[in-house]
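Peer 1: Taking the hints as your guide, dock the two standalone chains into a single complex.
Letter by letter, the chains look like this.
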Amino acid sequence: MSDNVRMVDAVPAAQAGTPLLQVRDLKMHFPIKEAAGLGRTKKVVQAVDGVSFDLSAGASLGLVGESGCGKSTTGRMITRLLTPTAGQILFKGKDIAKLKERELRPFRRQLQIVFQDPYSSLNPRQTVSNIISTPLRVHNLVKKGKELDRVQELLERVGLNPEHHNRYPNEFSGGQRQRIGIARALAVEPEVIIADEPVSALDVSIQAQVMNLLEDLRRDLGIAFVFIAHDLGVVRHFCDEVAVMYLGKIVEQGPRDQIYGAPQHPYTQALLSAAPDLGTIRGVPPKERIRLVGDVPSPIDPPSGCRFRTRCWKAEDICATQEPPLEPKPLSTAGHVAACHFAEPKVDLTAASA
Amino acid sequence: MSTPAPEDRKDTMVGTAAGEPAPDAAAKRGPSIATREKRQGTLNPSGETPYLVVEDLTVKFPTADGVVSAVNGLSYSVPLGRTLAIVGESGSGKSVSSMAVMGLHDRKRTKITGSIRLGGDEIVGLPENELMKVRGDAVAMVFQDPQSSLHPLYTVGNQITEAYRVHHKVSKDVAKKRALEMLDLVGIPNPIRRFKQYPHEFSGGMRQRAMIAMGLVNDPKLVIADEPTTALDVTVQAQILDLLNNLQKEFGSAIVLITHDLGVVAEMADDVLVMYAGRCVEYGTAEDVLARPRMPYTWGLLESIPTVSAANERLQPIKGLPPSLLSLPSGCSFNPRCPYKERVKGERCTTELPELLPVDGAGAHTSRCHLHDKASIYEAEVAPRLG
Numbered sequence: 001m002s003d004n005v006r007m008v009d010a011v012p013a014a015q016a017g018t019p020l021l022q023v024r025d026l027k028m029h030f031p032i033k034e035a036a037g038l039g040r041t042k043k044v045v046q047a048v049d050g051v052s053f054d055l056s057a058g059a060s061l062g063l064v065g066e067s068g069c070g071k072s073t074t075g076r077m078i079t080r081l082l083t084p085t086a087g088q089i090l091f092k093g094k095d096i097a098k099l100k101e102r103e104l105r106p107f108r109r110q111l112q113i114v115f116q117d118p119y120s121s122l123n124p125r126q127t128v129s130n131i132i133s134t135p136l137r138v139h140n141l142v143k144k145g146k147e148l149d150r151v152q153e154l155l156e157r158v159g160l161n162p163e164h165h166n167r168y169p170n171e172f173s174g175g176q177r178q179r180i181g182i183a184r185a186l187a188v189e190p191e192v193i194i195a196d197e198p199v200s201a202l203d204v205s206i207q208a209q210v211m212n213l214l215e216d217l218r219r220d221l222g223i224a225f226v227f228i229a230h231d232l233g234v235v236r237h238f239c240d241e242v243a244v245m246y247l248g249k250i251v252e253q254g255p256r257d258q259i260y261g262a263p264q265h266p267y268t269q270a271l272l273s274a275a276p277d278l279g280t281i282r283g284v285p286p287k288e289r290i291r292l293v294g295d296v297p298s299p300i301d302p303p304s305g306c307r308f309r310t311r312c313w314k315a316e317d318i319c320a321t322q323e324p325p326l327e328p329k330p331l332s333t334a335g336h337v338a339a340c341h342f343a344e345p346k347v348d349l350t351a352a353s354a
Numbered sequence: 001m002s003t004p005a006p007e008d009r010k011d012t013m014v015g016t017a018a019g020e021p022a023p024d025a026a027a028k029r030g031p032s033i034a035t036r037e038k039r040q041g042t043l044n045p046s047g048e049t050p051y052l053v054v055e056d057l058t059v060k061f062p063t064a065d066g067v068v069s070a071v072n073g074l075s076y077s078v079p080l081g082r083t084l085a086i087v088g089e090s091g092s093g094k095s096v097s098s099m100a101v102m103g104l105h106d107r108k109r110t111k112i113t114g115s116i117r118l119g120g121d122e123i124v125g126l127p128e129n130e131l132m133k134v135r136g137d138a139v140a141m142v143f144q145d146p147q148s149s150l151h152p153l154y155t156v157g158n159q160i161t162e163a164y165r166v167h168h169k170v171s172k173d174v175a176k177k178r179a180l181e182m183l184d185l186v187g188i189p190n191p192i193r194r195f196k197q198y199p200h201e202f203s204g205g206m207r208q209r210a211m212i213a214m215g216l217v218n219d220p221k222l223v224i225a226d227e228p229t230t231a232l233d234v235t236v237q238a239q240i241l242d243l244l245n246n247l248q249k250e251f252g253s254a255i256v257l258i259t260h261d262l263g264v265v266a267e268m269a270d271d272v273l274v275m276y277a278g279r280c281v282e283y284g285t286a287e288d289v290l291a292r293p294r295m296p297y298t299w300g301l302l303e304s305i306p307t308v309s310a311a312n313e314r315l316q317p318i319k320g321l322p323p324s325l326l327s328l329p330s331g332c333s334f335n336p337r338c339p340y341k342e343r344v345k346g347e348r349c350t351t352e353l354p355e356l357l358p359v360d361g362a363g364a365h366t367s368r369c370h371l372h373d374k375a376s377i378y379e380a381e382v383a384p385r386l387g
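Line by line, the protein sequences are chains A and B. The letter at position 94 of the first sequence is residue 94 when you use the UniProt record's numbering, and the numbering goes up by one with no holes. The letter at position 192 of the second sequence is residue 192 when you use the UniProt record's numbering, and the numbering goes up by one with no holes.
Treat the hints loosely; a few may be bogus.
Said to hold, decoys possible - Some chain A residues flagged as far from chain B (calculated, every beta-carbon gap over 10 Å):
#, residue
1, Gln-110
2, Asp-117
3, Gly-222
4, Leu-292
5, Thr-321
Said to hold, decoys possible - Here's a subset of chain A near chain B, in silico, CB distances under 8 Å, partners left out:
#, residue
6, Ser-205
7, Asn-212
8, His-230
9, Val-234
10, His-237
11, Leu-271
12, Leu-272
13, Ala-274
14, Gly-279
15, Glu-288
16, Arg-291
17, Pro-345
18, Asp-348
19, Thr-350
Hints are computed from structural coordinates only; laboratory data are not their basis. Yeah, the Cβ is synthetic: ideal placement off N, Cα and C, and Gly gets one too.
This is chain B alone, in the form it adopts within the complex (with noise of 0.2 Å):
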């Protein structure tokens, strides 16, 4: 494939962002910026200046049955040109806690705290009206299902156009140019044709090009892309990967992918966030957390995967469930299914939830475990089992 070592992409993200600098956030950019730094040097590890930073985030949202804490204070960042995949299970968090940033949580329902900031700007609290105007413009979102989140009563040059028309004071004829041009870009042939066709005259690949074309129409700094490959087929998702990346290595933009893929993340993923029960449990650079990892749940998925290259041996789940976002175990979360638990002295594991620190003292590679000897159990132990 065309992912492009990681120094090349810094390049092209260096390039892009001196280039052409947000002009109404440069200003506010710098200071905060650089207190953050200091504050808390090791957030990102790739060490660039941050785009996306995300700062203590916790979402609940108070329901009959109690508050469900989706998102438990979930900090990362993402630089422009650079990729951060939030990996996990069904009700981990990534998917709200990136809803999150797009501002798109129904505010009498949900308890957001903490912080977010787009090159600088604060989004939480932000009022409606100011929400939309980042919404789609600085940020746009990819979703999982192309069939329902396009609309299938308008064609989609119309919803193209639109989304255009919404952040930029321009007549029909240029925003249509515009969407002729993303169409093309995206690589949906004779996008003549195709601009004044419905939803349901694409296939779902064409219907992801068009979503991912919308997305792209207004040259954000930053892409959601939730499990956008998901409802795809093998062959067409490599097609959509392909895209995501050269349209990066071209705009220069971050992007925050949320799949559950562990294949996709290798693939595109330049750092990678691991969610277990609303908390981040691993983050560092892709090579860190896939090829040493330092979590017994990471472990515990990467065994769970049977893999195409992979030799045919027996897998090894991870047991039980995971725990009710209602009552989270005390702890850290994964203690019940972890099997690693009894190497830690004490009950530390059951009583005291573990800090997310560097693996190896310092450095970027972070993760949340009480295990003392992570890297040698890893080596001798799972490793062996991964093959």
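Here chain A stands alone, though its shape is the one from the complex (with noise of 0.2 Å):
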């Protein structure tokens, strides 16, 4: 195994330039048993449809959306938690989509994830130290005897106490244990790190806590970011890029100033202007309200065309008929994209500073 690893670790120089994750076309279909009927209409949960995007080294992309949209799914299918229905992952070149457990491994070093819940995804009856040496021992990467060492390396790096590697979890806050959550996650470095909702579950001030970690490590370490978040706030603290979705499909994407600033798909507009803002009672409130009507509909049964139309204030007939593509528009600045016939900037959505 240590020379798979040897040989995956070779791999970048040779294709220096090209983006170190891929992701093409990705998609997950959950098949769902029909209720009614005698159960011969096979029916799908469309999760992820379609996405595409690029990740360079050391960058980091925000997935933003509501419940629902497909993005933590989509931070899923690239740890290879799932199996994508269709669509391709290239990570430093090579498809991991299809691949089998154990061609997998290698890349699950690669690969991190921290999850949402720190309650949930530490397991109990383990202490500290051997959950975050657990994963050095699959992968071979320290001498017996040495583990304790890097795991004392590894919590100090995370901001926790090395005396406390022989607690269990419940000795632990919520934010600590998100701590140790991604001193497992770095215990492999990893080259990129997919963060599902990493602070969503945590306390304000303690959040802010866990998001200097998570850029501290960015920084020092590299390690390229894929942020799901719905929090709108964290996202533009966080991301370089950020990517929007809706109904399993990202509608909008650019760079961070370009998304927040001049948003251009009406359901950024609508998002945006719907998070609740200190700024209201700080700076100049925004302008304009956008309130959208309804709820998110079936990802069984999407819409046709665009799948924002229902709840979108300008549609027309094309939209229900022609699905809008994602590109460039007469009024992007590079690399900005948004998937709508209609698509304009709209700057005043959130509050400015007095």
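Peer 2: Below is the structure:
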């Protein structure tokens, strides 16, 4: 196995210039049982339906959207906790979307995940030391007997007391548990970390501590992040690039300042406008308010054409018949794409500072 | 959003309060409020006659490990037509204090002292059957999780009509008419069909609307909303907050909004009370607390939130963890985490609990902190970091 690891490590030099991670037309369809009828009709939940993006080494991409938009499913496919229905996941040029468990193992070292809930993602019956050293043993990364040194080094790295390696998860608070989860991901020196809502279960003061830790790791270790969150403030803070998802598709993607400053897709505009913002009291309140009506449609039977059209105030006939491609718009700056027939930038959606 | 200027709300409030005084409470309300106002003139930042008055509320839970002091000497008041937001992290006592207002604590396991008055009537110590008359009638509660707070085996319509019939002697048909009216009012499309459906057939946002319909069916004077939008998506959250705002304008009820999200506070609240470790540490109008905060914990909260509109600078987290409620630190509860305590002469922060005092010597904006030059520290050091 250690041979495999070395082989993978050797790949990037040959292909310098290509992004670390390329996701191409990724799809995840979950089959469901039909409750009514004779069970002959096969229906699927189209959780993710054609997602593509690139991630360069050391970059951070934010995936935002409401619950059920497929952002977490995308994260789980990239780490191959789920096997995609279709599409490619190119890690350093090699497609890992369909690899078998055995072939996948060296890649697992490179792609790590930090989960949302620090209470259910740590085994309550194992000591912290055991939790963090398991990946070290699995991947043969340290010599026998040297494990504890490495565990303590990792604990220190994430801001925990190295003396606490013998404790159990229940002896730690939520924020500290999240740090343990991060230490476990760091143990194998990954190149990409998928952070799936890493701070949404934490209190605000603790949230900032963990955010700063993630930022330090990114800066010091050059780890690339796919940062999945529903909190637009957190994403703005952490990510250089943001992709907005709606019903299994990316509807808009671009550099952070473009997405927040001049969003072009109506859904992005509505999302930004709906986010409750402290700036409304401290600075100049936004001029315009967009309120969506209704709920997100079911991903079992998504609307034809543009999936957002049922809640969109701009929708016309073309939206129902023709699916808008994710493409640069006339007023876009470099790297900013939107999937809308009537895309146009809107400013003034968030409060300005006084 | 449709958040009205505070002046508009005042008008709505006065109109409603004068238009329909609570019949039986009115007699008692007058004198008791008057004496209270004399005693604690600064209790309510707006200076209006409050409907809900909480005074020196203490909630303690005796446990095997010792006594948990969840709420310690909390006082606040809310007039009709105004929204008070209680902000704090988990374990700060914000939910426990509002459950006391609803009388929802287990009597055998809780020690409640102090006073909670609704329109002048004392709630603390009321027998259960008397409490039942208040609960759901004068006071309604909207919970965080609409999935677990609606009964899964009864239709939504059934649950709303029951809430109405408990407090009104009316026929089923009359109650049904009322329930349909409420469903329509909270913006549930096709109420007649929805009336017959079960909670699982509703989406999260719809369920929260149904909860609000149930809460408001008896025209409560006070609505306690405990994290009403925390479980919802941001676009749905905006809908529900708008709905609460509009309903308040229509009915002129007092709202106590419990939340940890300062963004929601900024958009909803007239007054803000910040809680830390069971105590109120800062209290004032939303403008005062959010734009001119005078307590290091509030500063810390504001500095640790990444906002949608702010520039991308490094967050300033509050170091350390909230204290255990089993053994609060001596002096100011916040002192182990406070970066400013060295600036207070002597050991006052660790030995003496600061009182909740007006920040500028007089007025309704109060904070609990020994620091002398809070205003200048905020302007010179904290405000620039907030951008």
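Peer 1: Each hint: holds or not?
Peer 2: Hints, verified against the model:
| no. | hint | result |
| --- | --- | --- |
| 1 | Gln-110 | holds, 28 Å |
| 2 | Asp-117 | holds, 14 Å |
| 3 | Gly-222 | holds, 18 Å |
| 4 | Leu-292 | violated, 5 Å |
| 5 | Thr-321 | holds, 25 Å |
| 6 | Ser-205 | holds, 4 Å |
| 7 | Asn-212 | holds, 6 Å |
| 8 | His-230 | holds, 7 Å |
| 9 | Val-234 | holds, 5 Å |
| 10 | His-237 | holds, 4 Å |
| 11 | Leu-271 | holds, 6 Å |
| 12 | Leu-272 | holds, 6 Å |
| 13 | Ala-274 | holds, 4 Å |
| 14 | Gly-279 | holds, 4 Å |
| 15 | Glu-288 | violated, 10 Å |
| 16 | Arg-291 | holds, 6 Å |
| 17 | Pro-345 | violated, 17 Å |
| 18 | Asp-348 | violated, 11 Å |
| 19 | Thr-350 | holds, 4 Å |
Violated hints, in rising order: 4, 15, 17 and 18; the structure is consistent with all others.
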